Every structure is written in C-alpha cells, then in structure tokens.
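Participant: So you can see what is in the structure, the chains are spelled out below.
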Amino acid sequence: MSPRVVFPNKVLPYLLLLPQLAITIVFFYWPASQALYQSVLREDPFGLKSTFVGFANFRRVLSQPSYIDSVQTTAIFSVSVAFIAMVIALLLAVMADKIIRGRGFYRTLMIWPYAVAPAIAGMLWLFMFNPTMGSFAYMLRSAGIQWDPLLNGPQAMALVIAAAAWKQISYNFLFFVAGLQAIPKTLIEAAAIDGAGETKRFWTIIFPLLAPTTFFLLVINTTYAFFDTFGIIHAVTGGGPGKATETLVYKVYNDGFVNLNFGDSAAQSVILMIIVILLTAFQFRYVERKVHYG
Amino acid sequence: MATVELKDVRKVYAGRVEAVKGVSISIPDGAMCVLVGPSGCGKSTLLRMIAGLEEITEGTVSIGGEVVNTRGPAERDIAMVFQNYALYPHMKVYDNMAYGLRNRGMDKAEIDRRVREAAATLGLADFLERKPRELSGGQRQRVAMGRAIVRSPKAFLFDEPLSNLDAKLRGQMRIEIKNLQKSLGVTSVYVTHDQVEAMTLADTLVVMNQGRAEQIDTPLAVYERPASIFVAGFIGSPAMNLLPAKGTQNGLALAAGGTVNPKETALPAPGRDVLLGIRPEHMTLVNDATAADLELKVTAVETLGADTLAHGYPLSSNGRSEPLIARLPGSVRVKDGDVLPLAVQPGMAHIFDAATGLRI
Chain A
1 MSPRVVFPNK VLPYLLLLPQ LAITIVFFYW PASQALYQSV LREDPFGLKS TFVGFANFRR
61 VLSQPSYIDS VQTTAIFSVS VAFIAMVIAL LLAVMADKII RGRGFYRTLM IWPYAVAPAI
121 AGMLWLFMFN PTMGSFAYML RSAGIQWDPL LNGPQAMALV IAAAAWKQIS YNFLFFVAGL
181 QAIPKTLIEA AAIDGAGETK RFWTIIFPLL APTTFFLLVI NTTYAFFDTF GIIHAVTGGG
241 PGKATETLVY KVYNDGFVNL NFGDSAAQSV ILMIIVILLT AFQFRYVERK VHYG
Chain B
1 MATVELKDVR KVYAGRVEAV KGVSISIPDG AMCVLVGPSG CGKSTLLRMI AGLEEITEGT
61 VSIGGEVVNT RGPAERDIAM VFQNYALYPH MKVYDNMAYG LRNRGMDKAE IDRRVREAAA
121 TLGLADFLER KPRELSGGQR QRVAMGRAIV RSPKAFLFDE PLSNLDAKLR GQMRIEIKNL
181 QKSLGVTSVY VTHDQVEAMT LADTLVVMNQ GRAEQIDTPL AVYERPASIF VAGFIGSPAM
241 NLLPAKGTQN GLALAAGGTV NPKETALPAP GRDVLLGIRP EHMTLVNDAT AADLELKVTA
301 VETLGADTLA HGYPLSSNGR SEPLIARLPG SVRVKDGDVL PLAVQPGMAH IFDAATGLRI
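Chains as they are written, first to last, in the numbering used here: chain A, 1 to 294; chain B, 1 to 360.
These are computed hints drawn from the structure, not numbers from a lab. All values derive from a computational prediction rather than experimental measurement. Hints may contain errors.
Below are the SDA-like pairs computed for lysine to any residue, each with C-alpha atoms no more than 25 Å apart in a straight line [unchecked claim]:
#	chain 1	residue 1	chain 2	residue 2
1	B	Lys108	B	Gly137
2	A	Lys200	B	Lys108
3	A	Lys185	B	Arg16
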C-alpha cells in the first residue's frame, strides 16, 4: 500500500488545480463541444440562421473527392515524416552513442532544433528552398533539377515533409539515445565475443531491444505528423500548390476559417478528434504496457 | 584448449590512470586461474584485456601460443560469462546458445546437436523454449554457461559470475562450475572478489592489488605463506591479526608491550621494524599465562557454533593497540572481559617488513 498524502486544507488543492482546469476547459472542452455542436448544423449562406441536419455534414464530407484526396495526402505526408524522422534520428543516435569525447556537446546541438517553433522552422526551409532566393534551390537547379515547389505538387510535398521531419528528429534522437543507453554494454560485448560484427549486432541485438522505443516513437511521430505540422504547412505551402499539401488538419482550417463552411469543417474536426482518441488509446494500450527485459 | 599467457600486461586509461601495472601470469592448459582482489584492483580490466574488450596498452596476451593483442574478441576463440549474464533478452534460451554458432556459419544440425548436449549437461533441456526473463537467477547463470560451452572455445573467461546469486545458490553453482571446468578441461580465467570462491575454484590463485599481482601461487600456498601484508589481510576470514613489533635478541617486542617468541619462526634482525601476522585460527588456548605467547583481553564474542570468535586486544596494550581476534573451538565458553592465554601454533607466525609490507 502506498501511503496517501492527505492535505488538511480542503480548498487549496482545488485552487492549485484551477489554472490547469481553466486552460483545458477554455482551449479544449469548449471548442471541442462547439465543434460537436456545429458538426450537426448547417448555416445558411448569409450566416443568419443555422438548421439541424443530423449527420448530413459527415455524409457530405466523407463523400467529397477532395476529402479522400486529403486523406491520401495526409497518409503520404505522415508516413514519410515519421519514417524519415525516425530513420535519421536512429542513425544519428547510434553515431552519437559511439562518441566518447564531447558527447554532451553533440547531444545538445542535436536537441536544439526541437526548440524552434514550427512556423519558424517552416520559414527556414521556405527560405532555403525558395526558387528565387534560396541557396539550396540554386544548388538543386545547378544540379539540373527543375526546382519549383510553388507550382510542382510533389516537390512542395517533399519540402514540407523535409521541414516537418527535420523538426521531429531532435525529439526522436533524444529517445533513441536514451533507449541505446538502456541496453547493457555487456550484451553488446557478449555479442561481439559471439562473433557478431557491428552490422549484425545492430540488427540482431540493438534494434530488437530498441523495439519498445521505436514503437513509442512511431505513435508519437504519427500523431505529430497528423496534428502538429499545421504551422509548417501553413508557413511553407499554405496547403498548395492546388491542394497538393493539404492535410486533414489543414483542410479543417481551410474549409472553416478561409471558406467559412463551418458545418463541414466541424464535421471534419470531429472525425479528427475520433482519430486522435483512437491513436491515444492505442498508444496507452501498447506503450504503457511496460516491456520487461532481462 | 590452450594455454593462456600474459607478459607484462599494462593498461593505461586516457594516458593517465594506470589500471594494470605490468602483470605476468602463465596458465597451463586446462587449469583454472582465479584473479581475486578488492574492487578497483584491475582484475576485471585484466580479464577484459584477455577477452579483447579492452585494448592492451603494453605487453602481450597469448592464447594457445599465439599473441592475440591485435585480434578482436570474436577471433580469439574465447567465451565469457558475465556478472549480469548478458543473455539476449529477446531470444529464447535455445537461440541464446545458438547465436554464437550461427554467427560462425555452423551447420544447422551440428548447432542443434551442440545446444541440446549443453542443455542436457546443464539441466536446461526443459527450458530451451523460454525467454531469459522467465528463468530464475541460477537458470540464467546456467544459460550463460551453456552459451560458453557450446562454442568449445580455447578458454573460458568468468567475470564475477556468481555475485548476483544468493548465498546458497552461489555455493551450489561454485561446485557446478568447478566440476564442469574439470570435466571439460578448458583453460579458464575467473575473476572474483569472494575469497571463498577464489580458494575453492583456483588451481592458480592471483591476488591483485592496485593493478599489481601481489602473489601468484596455489590457493594453499597463498594461505600458508602470504607474500605480503595485503595478501595476508585479504585471504582468510576473519583476517589475519597484524601486530607491529620490533626484532630483539630474544623474540619480538610488540609495540603494544610484551615480547613474543613464536616457535619455529625465523626471527628478524634485532632492531628491525616488522609486523607479526597470526591467523585467528592459529592461536590455541593454553592453561596458564607462563605458557602463553599472548594474552587476549576479550571485548566481544561471536558464537558461531562450530567456532567461537574472541575479539579483543593484547592485554599488555591496555586497549590502545591493534585489535586481536582468536578463533577458538566452539566448545570453549568465553565471555566479555575474560583474559585468554594464547599460544601461537608452531610455525604459524608470519613476519612482514613494516616498511615494504613484504614477507621476511
């Protein structure tokens, strides 16, 4: 039995919880309930009155070809971001794990990008790859590549994927480094004595033992790519060219706040909410189940 | 199967810390060599240098007559048992044992034969399909042994393999390891800080202190003729009594007062500062003070059943001096405040130079 801390003051605990509760209510429960409410209403073109339409908004959204396109875009975007961010982070973590002198310095440098705000990260990449003034765009063109993310959809997609992945590498790196440190050195030594070369050791010992970390990061990265990349997309492409980089989250914003179609937008955000809930449940189900080794 | 030979092996870390300061050991084929010493004495570093897990700063390590300094751990044909077993947690027991053989590209049928044979020897046949986390400490220890045996390497290296087990299991595994090593006849190097393990397992005992081998000999020789104060104090429990004394014409004048003249002992030159070493078990209770070499004023008694340990100080010192412990038969009844007349058994006194700490 773990002893319970008992506060003699009956009011203070609630007062201490109040700021957090207020923030959650104002920024989550209120807008979420609004979205739920809006998703079953349809507004007339002049915004004068709303009528209850049941699930009509959902039916309409789900039958829109543009919504299916956006689902596809989101899938490509998320899988690419998660995959690239994790592979590069793992590679860097494995290399950083080998450094003995100045390892703290390298690690600090690797972690910095995480502190950059999404919109700033987006701007950074936008400038670097801007067709008229970006130095990387210049290099790409001199390498014979027709670089024009403003008109070329796949190129714009590549750019937002790169920017979004870059920003997430730091986070993944941290977890992979911690995961690598948790693997006992003697295991690696035992494998070395057992005649496994470095590559073999990685794939047969290190990678399987990192599986819990990898799985956790997969969920986190997917969630990130789904929901936290709005700032980057907004800054770099604004969902364009056309709808080439319009992910589901971006479409909610576009339909709701740009095109002012509240009913559709609310229905979409409710769908997204369900996806988040499922992802989180999945994560708790499998990640929280502690993996015991040894 | 092979000899293992170390010649002036040194290890310097980062150009400053000297962990091993020139150790030479020659282990004959099939022998068990135990490295024992307090933590930080360099014994594990030495073992890791034999394994190829640490670079050798100076000197040579030869296995089977070949210098292996530049070879990686995999190319030295050795197997190592680690303190934490280092079993691959995601692999079944079978795969743990087969891993090293598969890496060497051995034939599947041969791998299977060897793994099953080792598992049968170690009583692990029923556990081959289990993961290490489903095994007890002793079973994990056996798997680690099995992983070493299946390879039939030139040498086994043990790095404190029993220190994670409870006392009872440790005693049992100690015997098992000894029997296994003898029956397989594989040259072994065993690192431990436990002197009981060291004494019981070793053919050759190496007592290490601060990066040096203080004494290399058979366990009994180390016990009977410790080469230095360090060895004298490290091997044996309770530790040897060490009393500061000075050589005189007619015996040893204790700094604590009184003169001792142990029988069958070569006395140091008069005036030489020495330490008189007497093991607690080498003192006998005598009838009266005239026959005694020393008188022990008892301050604490430990009754162990088989033995009684009497703690105290030499009566002549009046409590100012070195503590003195005597191990007496369990039948002797002693209580606090008693004065026990004790005789040193003939030839059982050890004399060490006070300045160098070496045996005279």
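Participant: Run every hint past the structure and note whether it holds.
Facilitator: Each hint tested on the structure:
1. Between B/Lys108 and B/Gly137 the CA atoms are separated by roughly 29 Å; this puts the pair beyond 25 Å, and the hint is violated.
2. Simply put, A/Lys200 and B/Lys108 have alpha-carbon atoms about 19 Å apart, close enough for the 25 Å limit, and the pair holds.
3. About 24 Å separates the Cα atoms of A/Lys185 and B/Arg16, which keeps this hinted pair within 25 Å; it holds.
Hint violations for this structure: number 1 only, all remaining hints satisfied.
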